[in-house]
Amino acid sequence: MPLESAVEVSNLTKYYGKLLAVDHINFTVEKGEIFGFLGPNGAGKTTTIHMLTGVTKPTSGTALISGFNIMSEPAKAKELVGVVPEVSCLYDEMTAWDNINFSAKLHSVPKERRETLAKELLELFGLYERCNDRVGTFSRGMKRRLMIATALVHEPEILFLDEPTTGLDVQSSRQIRDLIKELNRNGTTVFLTTHYIEEADQLCQRVAIIDRGKIITVDTPEKLKTTVQAERIIEVSFDRVEDMTNKLQRLSSVRDVVAAGDKFRLYVEDPSETLPSIFHFAKKNHLKVTSVSTLRPTLEDAFVKLTGLRPEVMAIEKEHAKSAGG
Amino acid sequence: MTRPWSEDTKRAFYIAEKDVKIYFFKGPNLTFGLLLPVVLYLAFSIGRTVEPAQAIPGLVAMAAFFGAGAIQAVSLPLERRTGTFNMLLTAPTSLFTIILGKTLAGFFFGAVLSLTYMTIMLPFSTLPNLPLFFVGIVVSSFAFSAFGLFLSSPFGDIPQAMPPATVVRIAMVFLCGVLSPIEMMPTSLQAVAYSLPLTYSVNTLNQAMGGAINIQMFLIDLAVQIFYSIVFLAAAIWVLKRTIE
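One line per chain: the protein sequences are A and B, in this order. With the numbering used here, the residue at position 240 of the first sequence is 240, and numbering never jumps. All you need for the numbering used here is the position in the second sequence, starting with 1, plus 1000.
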């Protein structure tokens, strides 16, 4: 008997009224992998996750969860998945213990098993000490960890995580990422949506890039990076910090310049041609080059090339996501 | 193989238990469920010759009506706003089970409030026919809970859900023989009154609490309320499906 994929999506489409949110997408998630679903805000990531987890119905197309059709066999499909939405799905008025137990009851976990599992998960996620406290008193990072624990209490095969680190501080984000890796090592398939491209690069074995409801590509992060291999990047900083974007733009073989903190990223055709002109530019403007390096293309570069979204826009989106998350 | 009904029934009870725990003592519940019936009764009866014994069945029906409805005006819209409703939607159960669970929570709140009112009013009333009274309260509270759920089903937040639900409920109080007999109303309004579930609840409680008992009429009043419960549940599911999907 052939092994079923964890998730198999064919021509999945969602209209909200006349708005086409997801446009005939196709992809497969294999069992045991961490699959990233990358895209800018409003690309259709959350709508896709909602369709795959039974929150909303697709307009057309099919989605199979370990072989069970989410439309015709929703209960069987839902038994196999744990869901961590972007927005908290926890009851603030209830304790951490009650939240996790309520989720276990909804998934028909037997009483003895659910108490053992709830204790184990709360300990694993470092929340057992606070298990009798109301969730309303928890920090954002603690809530996110509790959401993951709650989603795991029925031991699902597939875990759906929608923007798991959005709005979290650096330490909490790292904790969540470590937990995701640990869960995957233990055999859980992870479907992850994010617009943090570095996060997808660190975690995912394969990523799908979605933009304006359409899947642009599905591949490994490394293969995606090779699609922009032809593009070279020089990162340079000077002893004086001021906006030199327009001046740098005029240097030899430079296609684009992006300010990144106190550095400038020069997207060039031929680094050997540009590098001398950078030093010449510095001398002419009485500047000292404090650092200069050539960079390998990142997954973000591939994303930018594939979606046409400029790095500045991505940066603004990230800031917006952080402030929206608090 | 179909899912065992017992699992879904258990899930409905778990949802009801959770709702009762969370929403029982929320401000709007206490204001609309506990206080509004007595405030409406006092506002209507002051300056009029309304005997308490005559008004008690209506007052108890109002307690069930506002009690069962109050929790529904809060729990569903609040869950949809905060995102907790998604935890229910992603569980391996149907929308019917979720709605049934929420209806049971409202039913419980309405039944407890009406029994509380009845206990307080007992010194001013004759002892009711207990079996009929309990059956009347059970059926009425369930129907009113389903009605409350239906009223809140289009809305994704409490401030949107509360005003229309309150207006509809207060209008029904004046139309359904709660404060004055339906027979005293104009014929056109009587037709409206007989199309509303609260009228049948007042009828059952009137019979159970000292009125002349006509078992056939009593059963018809119950049947109408059960019919309304089914219609409201089906309508709530239909509206919810359309708004969340």
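There may be inaccurate statements among the hints.
Claimed, not checked - For lysine-lysine, the following DSS-like pairs were computed, each having C-alpha atoms within a straight-line distance of at most 25 Å:
no.	chain 1	residue 1	chain 2	residue 2
1	B	K1241	A	K111
2	A	K247	A	K288
3	B	K1021	A	K76
4	A	K284	B	K1026
5	A	K76	B	K1010
6	B	K1021	A	K18
7	A	K76	A	K57
8	A	K288	A	K31
9	A	K305	A	K225
10	A	K111	A	K214
11	A	K119	B	K1241
12	A	K119	B	K1021
13	A	K57	B	K1021
14	A	K288	A	K223
Stated by the list, open to error - Residues from chain A that keep clear of chain B, each with C-beta distances beyond 10 Å, as calculated:
no.	residue
15	T56
16	E79
17	S88
18	M244
19	V289
Claimed, not checked - Listed next, the stretches of chain B that the computed footprint assigns to chain A, with coverage defined by at least 3 CB atoms under 8 Å from CB atoms of chain A:
no.	stretch
20	1017-1026
21	1058-1065
22	1082-1089
23	1134-1145
It should be emphasised that the hints constitute simulated quantities derived from the structure, not laboratory data. Where is the CB? At the ideal position from N, CA and C, for every residue including glycine.
Check the structure against each numbered hint from earlier and tell me which ones fail, lowest number first.
1, 3, 4, 6, 8, 10, 11, 13, 14, 15, 16, 17, 21, 23
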